[in-house]
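In order, the protein sequence lines correspond to chains A and B.
Here the first sequence is numbered in the UniProt record's numbering, starting from 1 and rising by one per residue.
Here the second sequence is numbered in the UniProt record's numbering, starting from 1 and rising by one per residue.
Since the hints were made in silico from the structure, they are not lab data.
Any given hint could turn out to be false.
The calculated EDC-like cross-link candidates involving lysine to aspartate or glutamate, where the alpha carbons are at most 20 Å apart (straight line), are [stated by the list, open to error]:
| no. | chain 1 | residue 1 | chain 2 | residue 2 |
| --- | --- | --- | --- | --- |
| 1 | A | K153 | B | D86 |
| 2 | A | K153 | B | E97 |
| 3 | B | K219 | B | E28 |
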Amino acid sequence: MSSASRHLAWLALRVLPFIGLIMLWDAAARAYDVPVLFPTPFATWDKAVQLIGEGQLQSDIAISLWRIGVGFAVGCVLGTVLGLMMGLSRPVADFLGPFVHTLRFIGPIAWISAVMIWFGLGETSKIVLIVYTTTFVVLVSAMIGVMTVHPNKLRAARVFGARGWRLFLHVTLPATLPHILAGARLAMMNSFMTIIAAEMVAAREGLGFLIFNSRQWMEVDAIFVGMITLGVLGLLADVLMVLLTSLLFRRFRPAAA
Amino acid sequence: MGFIRFSGVDFHYGPAGSSAVSILKGLELELAQGEFYVLLGPSGCGKTTALNLLAGFERPSAGTIVMEGHAIGEPGMDRVVIFQGDDSLYPWLTAQENVEFPLRMTGVGAAERRRRAATWLSRVGLANHGQKFPHQLSGGMKQRIQIARALVCDAPVLLMDEPFGALDAQTRTILQDELVSICNGSGATVLFITHDIAEAIILADRIGVMRAGPGSAVKDEFALDLPRPRNRGSVEFAAAYDRIQRVLGEEVRKVVTREAAA
Ligand SMILES: Nc1ncnc2c1ncn2[C@@H]1O[C@H](COP(=O)(O)OP(=O)(O)O)[C@@H](O)[C@H]1O
Ligand SMILES: [Mg+2]
Numbered sequence: 001m002s003s004a005s006r007h008l009a010w011l012a013l014r015v016l017p018f019i020g021l022i023m024l025w026d027a028a029a030r031a032y033d034v035p036v037l038f039p040t041p042f043a044t045w046d047k048a049v050q051l052i053g054e055g056q057l058q059s060d061i062a063i064s065l066w067r068i069g070v071g072f073a074v075g076c077v078l079g080t081v082l083g084l085m086m087g088l089s090r091p092v093a094d095f096l097g098p099f100v101h102t103l104r105f106i107g108p109i110a111w112i113s114a115v116m117i118w119f120g121l122g123e124t125s126k127i128v129l130i131v132y133t134t135t136f137v138v139l140v141s142a143m144i145g146v147m148t149v150h151p152n153k154l155r156a157a158r159v160f161g162a163r164g165w166r167l168f169l170h171v172t173l174p175a176t177l178p179h180i181l182a183g184a185r186l187a188m189m190n191s192f193m194t195i196i197a198a199e200m201v202a203a204r205e206g207l208g209f210l211i212f213n214s215r216q217w218m219e220v221d222a223i224f225v226g227m228i229t230l231g232v233l234g235l236l237a238d239v240l241m242v243l244l245t246s247l248l249f250r251r252f253r254p255a256a257a
Numbered sequence: 001m002g003f004i005r006f007s008g009v010d011f012h013y014g015p016a017g018s019s020a021v022s023i024l025k026g027l028e029l030e031l032a033q034g035e036f037y038v039l040l041g042p043s044g045c046g047k048t049t050a051l052n053l054l055a056g057f058e059r060p061s062a063g064t065i066v067m068e069g070h071a072i073g074e075p076g077m078d079r080v081v082i083f084q085g086d087d088s089l090y091p092w093l094t095a096q097e098n099v100e101f102p103l104r105m106t107g108v109g110a111a112e113r114r115r116r117a118a119t120w121l122s123r124v125g126l127a128n129h130g131q132k133f134p135h136q137l138s139g140g141m142k143q144r145i146q147i148a149r150a151l152v153c154d155a156p157v158l159l160m161d162e163p164f165g166a167l168d169a170q171t172r173t174i175l176q177d178e179l180v181s182i183c184n185g186s187g188a189t190v191l192f193i194t195h196d197i198a199e200a201i202i203l204a205d206r207i208g209v210m211r212a213g214p215g216s217a218v219k220d221e222f223a224l225d226l227p228r229p230r231n232r233g234s235v236e237f238a239a240a241y242d243r244i245q246r247v248l249g250e251e252v253r254k255v256v257t258r259e260a261a262a
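Let's have the full structure, built from the sequences with the hints guiding it.
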């Protein structure tokens with residue numbers, strides 16, 4: 001195959017399903033026959049343009065991303081530190097284990113009510129929930145990462161005289177980094193799910209609020225705009241993370257291929 | 001007197017005095033300074049265990065291991081290990097950085113580090129691969145990194161645990177010959193583990209054949225004073241192979257019979 005036709009095939013593979021999906025959506029919307037309740041792609045596009053014109057969409061995106069960003073960053077640090085400590089120290093693992101392994105099954109959504117009561121409707125409550133959801137995913141990844149470092153990696157370093165901190169910095173940490181990064185990537189997805197739930201229950205702005213609030217006015221087109229925005233932002237965040245990871249941690253890529 | 005000496009060494013996993021089966025029982029082993037000693041035995045008999053004890057990764061349950069009159073303590077740069085498989089390499093470091101690693105741990109300056117690592121990389125035939133990561137190299141090349149990483153330490157004792165076990169026959173032969181030329185006249189004392197008789201004969205000054213486990217120890221020893229490099233097709237090679245095969249074969253048969261019965 002020539003390089004031009006290969007490019008064409010690549011393009012077709014990526015673009016065609018997209019066009020197919022939009023056509024399917026259009027057909028389904030027309031079949032449903034009540035445009036207000038199930039808007040077509042074109043009606044949704046018009047709504048998006050309108051929301052952007054009003055500045056509404058941008059401000060909802062900004063506030064949601066800000067909440068995710070702060071919570072995710074804090075959660076990553078917290079999860080990494082706690083996970084490394086649990087992986088390295090048996091007493092710490094025994095002490096924190098029961099809490100961690102119970103709490104990680106109490107999803108952030110179960111916490112929304114309590115967190116709202118304690119922290120109110122302001123920013124703190126949403127950020128706390130994102131911190132919570134991020135921490136446990138990163139923590140478990142970091143802990144498993146430490147525990148699965150191959151013993152010969154540590155033994156070799158001990159032969160060469162590394163002990164304590166040097167062993168940790170030169171072997172355990174770099175060997176665990178791919179697990180931590182994989183955990184962070186999963187945690188980013190969880191953060192996107194959590195922020196919507198939190199903003200639906202208690203917020204006056206943000207994408208979750210946009211989606212939830214539009215229900216009151218039967219603005220399904222605005223709901224669609226919110227959902228699609230979410231998917232696109234999530235995809236961009238994921239691509240950005242993969243890109244940053246491969247730039248900053250090229251040597252630590254998870255599965256070297 | 002032996003440079004390294006195992007006297008009445010027992011080993012079992014678990015706490016001391018527990019009723020766990022002994023992997024090694026009454027192991028006696030003596031290595032002269034500068035000697036290339038090959039430990040041969042059926043798989044699972046405790047060869048790696050014996051090496052781990054000398055390296056200091058494990059402690060004997062009974063008996064003593066002494067080197068130059070001192071009991072073996074923590075692992076250290078005086079007994080450098082080449083591990084079975086390539087899990088001991090650091091995938092986030094290039095070949096060059098892997099070889100520099102021991103020097104970095106001992107605080108050797110960057111320029112000196114680079115120079116010494118580069119020398120050993122080219123001696124093991126990796127001069128043009130220093131900037132590659134382990135996953136970009138073949139199994140044989142990865143073992144060459146391990147060999148360079150061990151030899152850069154200038155250690156008086158080298159412990160090698162089936163370093164060529166996972167390689168194809170051709171690559172293995174080449175690396176065996178290279179190891180002979182590297183070790184010849186280096187003065188290092190080597191404990192080399194394998195289950196391959198031909199490999200043992202190519203490399204060894206002396207060969208110890210271990211009994212099938214549990215409770216294994218050295219059953220028989222063979223001194224080989226054939227000149228190096230040794231010829232795999234020679235009459236002397238075949239004769240030595242035959243003598244050793246008779247002793248080792250009996251132990252391997254025990255293992256096979258037991259496994260068939262289980
Ligand atoms: N961590 C361990 N815990 C318990 N038993 C072990 C452990 N490692 C090895 N063994 C057992 O010890 C015996 C000797 O193992 P090893 O020294 O690795 O044998 P070899 O290197 O000769 O193949 C084997 O039967 C093996 O199953
Ligand atoms: Mg072994």
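Outcome of the hint check:
1. A/K153 x B/D86: 9 Å, holds
2. A/K153 x B/E97: 14 Å, holds
3. B/K219 x B/E28: Satisfied, since the Cα-Cα distance of roughly 10 Å is no more than 20 Å.
Comparing the model with each numbered hint stated earlier shows that all of them hold.
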